[in-house]
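Student: Please take these sequences and the hints and turn them into a complete structure.
Spelled out from the first residue to the last, the chains are:
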Amino acid sequence: MPLSLDDVQRIAHLARIEITPAEAEDIRNKLDDIFSLIGRMREVDTSGIAPMSHALDAVLPVRDDRVSEGDHREEFLRIAPAAAEGLYLVPKVIE
Amino acid sequence: MHTAPIAELAAALAARSVSSVELTISALERIGAANHRLNAFITVDQDGAMTRARAADAARASGKAGTLTGIPVAHKDVLMTAGLRTTCGSRMLENFVAPYDAFVVQKLSDAGMVSVGKTNMDEFAMGSSNENSFFGAVRNPWSVDCVPGGSSGGSAAAVSARLVPAATGTDTGGSIRQPAALSGICGLKPTYGLCSRYGLIAFASSLDTPGVLAQTALDCALLLNAMAGHDARDSTSLERPTEDYTRQLERSLEGVRIGLPKEYFSDGTDAAVVKAIDAALKELCKLDATTVEVSLPSVDLSVPVYYVIAPAEASSNLSRFDGVRYGHRATRYANLDDMYRRTRAEGFGAEVKRRILVGTYVLSHGYYDAYYLKAQQVRRLIAEDFRRAYDRCDVIIGPTSPTTAFKLGDKVDDPVKMYLNDIFTVAGNLTGAPGISIPCGFDARGLPVGMLIQGRHFGEASILNVAHQYQRVTDWHRRVPPLAP
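As given, the protein sequences belong to chains A and B, one line each in that order. The first sequence begins at 124 in my numbering and counts up by one. The second sequence begins at 141 in my numbering and counts up by one.
Honestly, the hints are just simulated from the structure, not real lab data. None of the hints are false.
Capping the alpha-carbon separation at 25 Å, the derived lysine-lysine pairs in BS3-like fashion look like this: (1) B:Lys402 <-> B:Lys426; (2) B:Lys415 <-> B:Lys426; (3) B:Lys551 <-> A:Lys153; (4) B:Lys557 <-> B:Lys402; (5) B:Lys547 <-> A:Lys153; (6) B:Lys415 <-> B:Lys402; (7) A:Lys153 <-> B:Lys557; (8) B:Lys557 <-> B:Lys547; (9) B:Lys415 <-> B:Lys547.
What follows is a list of derived Cβ distance ranges for each label pair: (10) B:Tyr508 <-> A:Leu210: 33 to 43 Å; (11) A:Leu212 <-> B:Tyr240: 20 to 30 Å; (12) B:Asp285 <-> A:Asp188: 55 to 65 Å; (13) A:Glu166 <-> B:Val620: 43 to 53 Å; (14) B:His505 <-> A:Ala207: 35 to 45 Å; (15) A:Leu210 <-> B:Gly506: 30 to 40 Å; (16) A:Asp129 <-> B:Arg527: 39 to 49 Å; (17) B:Glu423 <-> A:Arg201: 49 to 59 Å; (18) B:Ser406 <-> A:Leu183: 37 to 47 Å.
As the structure is a computational prediction, the values presented were derived from the model and not from experiment. C-beta atoms are modelled at their ideal positions from N, C-alpha and C, and glycine is treated no differently.
Tutor: Shown next, in the form of structure tokens:
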């Protein structure tokens, strides 16, 4: 089923990516092409097949809960777009 | 001599007939001479490289040198390099200076290799032509009008043009093997989990695999020896006994069974590619290998499955780029939500946005079972196909890519056409098994053809054996492209 322009804007909202009305048409056409490629997979009968989420079906390891890293606060704040007094700065959230 | 494969450079360094400083200066000069045409490098670290080269020579003088000590290398710009700009080919990270080294960068540095800079790539490793880079397209050293393949296109062009003897790459759907094929060099994607993903800026975590691009199979083996190893900081990194990946290189191919999937030799592959692969198979049979037809009935679903799983994981991984902790932030915005939306609209290019949108859709409420779960089920069917095929053969051989290098601009406006470049490589990422692409001929326009040798999980030594034996009796890997300086 082809996507509507509203679908495109709804997905873009979920992904937090601004899409202008001028871009939306081209994006919709390309997404439709991609979903028709993907559609070939949906016709396969997979009843009883266990999903494969890891290439080697390995079990994730567990480790001891202990501190392994030192304090990197300064290094990490230095690469932030806006920071002050040891904190990340963002626009006002609570009025 | 400065443009020789690693094994020869290592011998010259050990014999003291050349120094690391000389090799490094010569690499930097070649980069300086060629980069304006090829655009293979995003960042050249001249001062850092010279410091490392002097340290390598000092280590050698005090008897502490290993095989790779003093050999220049370049890193794909998706791998973090402490104190050096790491852009991922994106405006989002245009000015991002990495706070630490990726595991594989650290391992090659520990082995004494001299990093000279960061190579160009498709933005966030999403692409098969290197045209999706914020820093501009990379040119193929065999033809300036053609793409080098992607997403490790800068690494492929740099090694192909003999700017550096080796470069790292990452392979999520073919991003090492396909550019290696289109650029006429060797590209090795190891088994998933063999090389840690720590410090690799994540695209699709269940598929992303660090690996190498070099001139020969022997060089790939030497590099993998230095790069593999367990790392507790990547939860998917495997704990395994240390292997010497060169140990089987000299073994005869007598008794080696080559599986030829009939699905790989159907319509849709260029006649020149098929012809070169057929000729290569005849060479391998002369070396006493045998061939057997195998079948991978679900393999044609690899691309559709990949374009669910990879975008789904990407949409999740790339949510971290929100303009708060690092990277680009929009200059004008009304509120926090608007800041996210504008930051991501400005910071990401068209292909990255498309994949985030596809991934967001397939993971959104009500669609998970129909897409993501379904894709994981079909992924298992594909893995089962390979498992059954390996009951009858030791390696699987076919073309790496259905065509040779295509012209810049040819596929940029048709994502699906671009995605189908990876038709032979994506299955290796879905199953996690290793593969190496090696050059095996040219088409009528003089563009290289790549042969893909795939193996069982942890079968690196076997595929390297086949590749090395082939390279002992052929010289395609020694051909130097016209745009090499």
